[in-house]
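In order, the protein sequences belong to chains Z, B and X.
Residue numbers are given in our numbering: position 246 of the first sequence equals residue 246, and the series is strictly consecutive.
Residue numbers are given in our numbering: position 236 of the second sequence equals residue 236, and the series is strictly consecutive.
Residue numbers are given in our numbering: position 547 of the third sequence equals residue 547, and the series is strictly consecutive.
Be careful, since some hints might not be right.
[Unchecked claim] Below 30 Å or equal to it, Euclidean Cα-Cα: the simulated DSBU-like pairs (lysine-lysine) are: (1) X:Lys335 to Z:Lys56; (2) X:Lys218 to B:Lys229; (3) X:Lys210 to Z:Lys29.
[To be verified] Reference listing, derived: stretches of chain X covered by chain Z, where coverage requires no fewer than 3 residues with Cβ under 8 Å from a Cβ of chain Z: (4) 70-80; (5) 412-418; (6) 424-435.
[Claimed, not checked] A few chain B residues facing chain X, derived, Cβ under 10 Å: (7) Pro36; (8) Leu56; (9) Gly98; (10) Arg99; (11) Leu100; (12) Asp101; (13) Pro217; (14) Lys229; (15) Glu230; (16) Met232; (17) Arg233; (18) Val234; (19) His237; (20) Glu258.
These aren't lab readings, by the way, just hints derived from the structure by calculation.
C-beta atoms are modelled at their ideal positions from N, C-alpha and C, and glycine is treated no differently.
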Amino acid sequence: MILSYVAYRVLLYIPTLLVIFFIVFSLVKLLPGDPIVVMYGELAPPPEVRKALEEKLGLDKPFIIQFLLYTYRILTGDWGKSVHTGEPILELVIRRFTATLELTVASLAIASATGITLAYIAVMRPNSIVDRFIGILSMAGYSMPVFWWGMILIFIFAVNLKLLPPGGRGGLESLILPSLTLATVNFGMIARVSRAAMLEVYSQDFVMAARSRGLSERRVVVLYVMRNAAVAIATLVGLRFGILMGGAVITETVFNYPGVGRMIVDGILARDYPVVFGGVVFVALVVMTVNLVVDLLYAILDPRARVTRV
Amino acid sequence: MSPLTAIATIVVLGVIAAGILATVVEFMVPDIHNRPNLWRSLEPPSLEHPMGTDSLGRDILIRIIFGTKPVLLVIVISVIVAATLGTIIGLTSGYFGGRLDLILSRVIDALMSFPAILIALAIVAALGPGLWKVAIAIGIAEASVFARLSRGLMIVEKEQLYVQAGKAIGASSTRIIFRHILPNIAGPIIVQATFTAASAILWEAALSFLGLGAQPPTPSWGLMLYEAKEYMRVAPHATVFPGLAIFVTVLSFNIVGEALRDTLDPRFRKVMR
Amino acid sequence: MARRELVIVGAVLLLVILLAAYIATRPGAPTETPVTPTPTQTPVGVTPTPTPVETPGATPAVRYAEIDVLRISQRADLSSIDVQVATDAPTLSVFSHVYETLFKIRFDAQGRASFEPWLVESYKQVNDTVWEFKLRPGIKFHDGTPLTSRDVKASFERGPKVGGLPRTLLGPVKEVQVVDDLTFRIVLRYPFVPLIAHLSHPSTAIIPAKVVELFPDKPIDSTRYIIGTGPYRFVEYVKGERTVLEAFDGYWGKKPTVKRIVWTPVPDDSTRVSYLEAGTVDVITHVPPHMVPTLKAKGFQVIQIPSTRVIYIGINVERIPDVRVRQALNLAIDKNAIVQRILEGAGSVATAPISPAVFGYTKLDPYPYDPARARALIREAGWEGRELVFITPQGRYLRDREIASAVQASLEAIGLKVRVEVMEWAAYISRVTTQKDFDLFLLGWSTVTLDADYGLYSLFRTGAPFNRMLYSNPDVDAFLDRAREVADPTLRQQYYVLAQQQIWRDAPWIFLHYEDIIVAMKPGIAGVEIQPIERWILTYAVREVRG
Chain Z
1 MILSYVAYRV
11 LLYIPTLLVI
21 FFIVFSLVKL
31 LPGDPIVVMY
41 GELAPPPEVR
51 KALEEKLGLD
61 KPFIIQFLLY
71 TYRILTGDWG
81 KSVHTGEPIL
91 ELVIRRFTAT
101 LELTVASLAI
111 ASATGITLAY
121 IAVMRPNSIV
131 DRFIGILSMA
141 GYSMPVFWWG
151 MILIFIFAVN
161 LKLLPPGGRG
171 GLESLILPSL
181 TLATVNFGMI
191 ARVSRAAMLE
201 VYSQDFVMAA
211 RSRGLSERRV
221 VVLYVMRNAA
231 VAIATLVGLR
241 FGILMGGAVI
251 TETVFNYPGV
261 GRMIVDGILA
271 RDYPVVFGGV
281 VFVALVVMTV
291 NLVVDLLYAI
301 LDPRARVTRV
Chain B
1 MSPLTAIATI
11 VVLGVIAAGI
21 LATVVEFMVP
31 DIHNRPNLWR
41 SLEPPSLEHP
51 MGTDSLGRDI
61 LIRIIFGTKP
71 VLLVIVISVI
81 VAATLGTIIG
91 LTSGYFGGRL
101 DLILSRVIDA
111 LMSFPAILIA
121 LAIVAALGPG
131 LWKVAIAIGI
141 AEASVFARLS
151 RGLMIVEKEQ
161 LYVQAGKAIG
171 ASSTRIIFRH
181 ILPNIAGPII
191 VQATFTAASA
201 ILWEAALSFL
211 GLGAQPPTPS
221 WGLMLYEAKE
231 YMRVAPHATV
241 FPGLAIFVTV
251 LSFNIVGEAL
261 RDTLDPRFRK
271 VMR
Chain X
1 MARRELVIVG
11 AVLLLVILLA
21 AYIATRPGAP
31 TETPVTPTPT
41 QTPVGVTPTP
51 TPVETPGATP
61 AVRYAEIDVL
71 RISQRADLSS
81 IDVQVATDAP
91 TLSVFSHVYE
101 TLFKIRFDAQ
111 GRASFEPWLV
121 ESYKQVNDTV
131 WEFKLRPGIK
141 FHDGTPLTSR
151 DVKASFERGP
161 KVGGLPRTLL
171 GPVKEVQVVD
181 DLTFRIVLRY
191 PFVPLIAHLS
201 HPSTAIIPAK
211 VVELFPDKPI
221 DSTRYIIGTG
231 PYRFVEYVKG
241 ERTVLEAFDG
251 YWGKKPTVKR
261 IVWTPVPDDS
271 TRVSYLEAGT
281 VDVITHVPPH
291 MVPTLKAKGF
301 QVIQIPSTRV
311 IYIGINVERI
321 PDVRVRQALN
331 LAIDKNAIVQ
341 RILEGAGSVA
351 TAPISPAVFG
361 YTKLDPYPYD
371 PARARALIRE
381 AGWEGRELVF
391 ITPQGRYLRD
401 REIASAVQAS
411 LEAIGLKVRV
421 EVMEWAAYIS
431 RVTTQKDFDL
441 FLLGWSTVTL
451 DADYGLYSLF
461 RTGAPFNRML
471 YSNPDVDAFL
481 DRAREVADPT
491 LRQQYYVLAQ
501 QQIWRDAPWI
511 FLHYEDIIVA
521 MKPGIAGVEI
531 QPIERWILTY
541 AVREVRG
């Protein structure tokens with residue numbers, strides 16, 4: 001049962017990836033300009049090199065063949081070069097992505113800790129003023145313009161109090177402000193989801209039973225409530241990993257943080273298209289893979305989920 | 001209705017009304033929000049300029065009020081694009097099922113899991129910057145949400161008696177989908193539109209802040225923030241007010257969306273999570 | 001109305017200070033001929049002696065020590081890793097540490113420029129179109145190969161194939177003839193007096209013939225091939241993060257006093273200031289003027305000097321052929337307000353198409369701010385209500401987008417419609433260069449050779465590569481052509497005066513202003529050389545040691 005589900009999910013992963021490649025490839029083809037520069041980042045190559053590149057990119061072939069060649073190059077790691085610096089894009093993207101991952105993980109840690117704590121407080125007294133206040137607070141979190149919030153935090157903590165560096169990457173302290181900024185936008189979702197999950201557990205028979213067996217409140221919370229909340233958050237993080245990463249794009253720009261998001265934005269501004277689309281494809285690959293893994297883990301942990309998600 | 005919801009509703013309606021009014025006034029007096037006075041730049045709030053002036057000496061309050069026009073434009077365009085595109089895909093996928101559903105669900109899944117901002121960025125990279133293009137890009141990026149929602153609704157709805165009856169008497173699929181099912185599931189879609197409006201405002205501001213959205217002298221709030229950013233230390237008011245405008249508006253749209261969802265037919269709640 | 005008085009007093013004070021600064025930095029009276037690179041000057045062998053700019057209060061106890069790592073933040077990242085492709089000042093500042101040119105530009109305390117032989121030891125003019133040069137012996141590239149005439153030939157042949165700047169600068173060069181290992185001749189297409197000035201521009205730096213063989217007509221594709229003869233080796237480049245240079249042991253000249261230089265690009269002005277304040281970097285360039293008082297108060301050194309850059313709005317003459325309209329555009333702009341309020345005094349209103357430090361400059365009267373007359377001219381020309389497309393870069397020049405916004409509003413005020421399109425530099429410059437689908441474009445030009453030929457011929461001569469206005473006036477062409485050929489400086493100056501007067505009347509630009517350079521650094525650093533051509537040389541920086 002599990003095996004067949006794993007096979008099913010993995011089989012679905014492939015066409016989904018192809019869809020993403022196809023969308024990105026179509027966008028690349030939409031761009032005006034010399035296709036060699038746009039797709040491969042090679043500036044004004046000499047005629048014989050140009051010919052070889054044209055053949056490699058299949059520029060004289062029909063669209064679908066070009067797309068297959070593109071997919072082939074992506075899969076074999078031939079991602080082209082940056083137009084401006086000639087740097088191989090795969091290397092560039094991987095290095096930048098490490099930075100983004102650091103930021104995302106750090107902010108998720110902060111967001112989860114805050115979110116779960118708030119949810120726990122809220123669940124203690126459902127529908128009380130405290131609960132409603134936490135609800136609004138969560139909503140305020142994800143209604144916050146990240147860039148504005150980042151600017152305010154820089155202004156307070158870096159410019160006025162001089163406690164933390166205003167940006168860049170280097171050492172743990174440079175990670176604090178950007179991850180706090182990003183966490184502000186993400187804790188709300190987490191708080192809401194874990195609140196719902198906790199409420200659900202609380203109302204279930206086995207928790208009531210455990211309580212009536214005289215289990216201490218703390219053990220009930222740790223054993224059942226938190227565990228259930230953790231599963232809910234893991235799902236949320238897994239399924240919405242991409243959305244969480246979206247916030248990182250802006251945060252990185254505000255904090256001059258050399259992640260993949262700023263790389264993409266800089267790439268657009270500098271018209272360095274191979275970098276832009278390399279970055280987009282890479283993020284897509286990561287997001288899809290995370291989704292797949294989370295889905296599988298979830299299926300193993302909770303058999304009910306094996307039915308296709310609605 | 002809680003007081004908070006009431007306030008939020010007033011803000012939402014106010015922004016929409018201001019946006020419509022601003023469109024009319026701007027049509028008659030195009031430069032109303034763009035009257036620089038370099039000799040009075042970066043002035044702090046005063047009676048004459050309640051929110052102070054920006055780096056070109058323009059009144060920030062006036063610019064924020066006329067900033068509702070780009071907000072309205074982005075909401076309308078992006079929600080229309082997202083809802084139309086997404087709902088058509090979702091309903092078709094859900095109604096016909098089978099292999100078509102499998103393929104379309106993959107596309108939806110792929111887009112869902114993808115950071116919307118990345119899609120928007122990729123589209124802006126291809127189309128170039130500008131308010132309209134950004135609005136369309138956001139619409140495309142958000143379409144998957146509507147697709148998944150309407151597909152879920154359709155799967156529930158198509159088992160209903162009236163649909164089965166329609167099929168039995170041989171009504172065409174288009175007729176069944178658009179004449180009978182769509183009105184029945186319009187509620188959740190409207191709720192989703194409210195949430196999408198909230199995120200569209202945020203994304204437009206973000207893209208304008210990155211220099212990829214509205215072009216000067218458009219009084220886009222995100223662009224105003226971008227322009228004021230450099231002067232944060234000498235004129236903090238120029239960043240505080242546009243930021244607040246974005247925050248309050250987005251929050252209000254979210255609160256109204258929640259309230260709408262809570263009052264809606266409980267039948268749909270599960271689908272909407 | 002105490003506040004108003006304060007503003008007035010402040011403005012007057014500012015004006016006085018500006019005037020004083022202007023007079024102090026002016027290279028003599030305008031009618032005088034500034035120093036000029038004449039080939040008749042006897043070449044002098046020079047050992048580089050850096051003049052520390054702004055030595056902080058020299059107390060007797062101060063000693064100076066070498067610096068291990070100097071960190072500097074510019075606004076922009078490297079735009080290209082190929083010195084012959086790069087066109088922007090920030091990139092060329094980095095490369096000025098790695099590559100060297102045949103001649104070197106040097107500034108005295110008054111900002112006057114002179115050119116001295118650098119990689120060449122001596123040179124002579126054989127006839128009108130043939131010059132002979134002798135390279136200094138014993139110079140090595142970073143990879144250990146010696147510098148020879150063949151490298152010069154290869155560099156000069158490749159440059160025009162890969163880059164616009166070498167194409168312009170070396171345009172008059174017909175060929176380079178190798179005489180022996182160290183001797184070569186430059187054969188010109190026509191007599192060209194400012195040749196030496198052109199050979200001091202970093203785009204004419206000498207790269208190894210070996211690299212030319214690998215990349216004869218396309219940009220280099222890896223930092224491995226960044227090989228020069230300069231005091232610094234190229235160590236590392238991480239896009240968007242840092243560029244690292246390290247002192248080159250085999251350098252032929254005076255040993256650098258800074259071991260490592262780390263360049264960090266920080267595009268956001270206020271963030272860059274915070275970097276300096278937080279001690280993340282030691283030197284920052286492009287300081288926003290409003291931060292100058294704060295930084296000074298905190299004890300940082302702030303250096304503000306006029307640059308050779310003129311900021312202008314080019315007018316597409318083919319789309320706006322009516323000179324009345326172009327003059328109206330000039331009359332509509334309050335240049336003084338832009339300089340005082342937007343630049344916050346970090347500049348001065350342009351009085352010619354080139355800056356006062358450049359040979360050939362002549363002072364002209366700026367178009368007055370007269371919106372009423374501008375409006376009348378627009379009406380007279382029947383241009384009321386016409387829409388103009390105005391494109392502008394952002395973050396390239398001091399307050400560029402604010403200037404564009406102010407200009408936009410001023411032009412609407414005289415009855416035109418103006419659509420502004422703000423673009424990022426890379427995209428902007430390629431659009432300005434390749435397309436003509438706009439009416440107005442904001443640009444700056446720094447006459448880094450300090451000779452009017454580079455600032456006028458390349459921009460106003462019919463069909464010249466940087467004549468993006470598509471401006472054409474046969475008289476101007478004739479003046480500029482003649483000025484290239486005559487050796488007599490007085491005569492050249494006269495031709496340039498005539499050309500500039502005509503250009504001023506024809507108004508193919510909205511003439512705006514000259515930009516100031518503002519650089520700030522940690523207290524205790526000396527010897528950083530800030531050149532008016534927007535080049536910062538850190539090679540001989542030292543740090544103050546007390547006691």
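Status of the hints after comparison with the structure:
1. X:Lys335 to Z:Lys56: Distance of about 54 Å is beyond 30 Å: violated.
2. X:Lys218 to B:Lys229: Cα-Cα ~39 Å, so violated.
3. X:Lys210 to Z:Lys29: 37 Å, violated
4. 70-80: n = 3 at 8 Å, threshold three: holds.
5. 412-418: violated (count 0)
6. 424-435: Per the Cβ count (5), the hint holds.
7. Pro36: 5 Å, holds
8. Leu56: This hint holds: leucine 56 (chain B) lies near chain X, its Cβ roughly 6 Å from the closest one there, short of 10 Å.
9. Gly98: At about 46 Å, which exceeds the 10 Å cut-off, the nearest Cβ of chain X leaves the hint on glycine 98 (chain B) violated.
10. Arg99: 43 Å, violated
11. Leu100: Cβ of leucine 100 (chain B) sits 41 Å from chain X, so the hint is violated.
12. Asp101: 42 Å, violated
13. Pro217: 6 Å, holds
14. Lys229: 7 Å, holds
15. Glu230: Given a least distance of 5 Å, the restraint on glutamate 230 (chain B) holds.
16. Met232: The hint holds - methionine 232 (chain B) has a Cβ within 10 Å of chain X, the shortest such distance being about 6 Å.
17. Arg233: 7 Å, holds
18. Val234: This hint holds: valine 234 (chain B) lies near chain X, its Cβ roughly 5 Å from the closest one there, short of 10 Å.
19. His237: Violated, about 15 Å.
20. Glu258: For glutamate 258 (chain B), the interface hint is violated, since the closest Cβ of chain X sits about 36 Å away, which is over 10 Å.
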